[in-house]
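Taken in order, the sequence shown gives residues 1 to 170; the numbers are from the UniProt record's numbering.
Treat each hint with caution, since some may be false.
So the derived label-pair ranges between C-beta atoms look like this [to be verified]:
#1 102 to 143: 47 to 57 Å
#2 21 to 58: 42 to 52 Å
#3 88 to 129: 18 to 28 Å
#4 145 to 103: 18 to 28 Å
#5 58 to 102: 10 to 20 Å
#6 96 to 54: 30 to 40 Å
#7 109 to 153: 36 to 46 Å
#8 118 to 74: 46 to 56 Å
#9 68 to 129: 36 to 46 Å
Don't read these hints as lab results, they were simulated from the structure. Think of the CB as a built atom: it goes at the ideal place given N, C-alpha and C, for glycine as much as any other residue.
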Amino acid sequence: MKQLVAKINTLKTTGKLRAINEEYTDMILVYGFCEGNGRLSVRVYGERFPNRRLPNHTTFTAVVRRLRETGRFAARTADYGRNRFVRTADVEEEILARVEADPELRTRRIGAEMEISKDVVHRTLKEHRKAVYSVSSRFELLMGALQGIVYYSLQLLQESFYSVVGVRIR
């Protein structure tokens, strides 16, 4: 935000902001002259102002729409986008306390409960060399794999016994 304010102040002092507003004004006048035809406006604008950069045809409609909606030429950039979350010591302590209380908690669950990003939770845990473990799910995966291996081995054993002896085992 400070950079944006500094840039606008620089534009004001150098007179470039006035030049930008003049360009927008000329764009609106050309757009009106062309009766709202954006592509024709680009051609006419290029003919009338050959030393200026040539805007896209959608720029003409965007400038007119913005002027009607906000009363400004320039787009408003303040208060746009997602709010940045600043990690504080209190938040970090709460994350660490939750993980100490229940090491199997997921970063998504912690983030949702605290209304912060899971990435903030993950970064905090990484910096403090903590990890969220889920022992039960890994154990269940291992047991499921072992059951499959045992079942497959029994099938092979039964088939080999049948091929040698000729008797099926149930």
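Original post:
Which hint numbers doesn't this structure obey?
Top reply: 1, 2, 5, 6, 8 and 9
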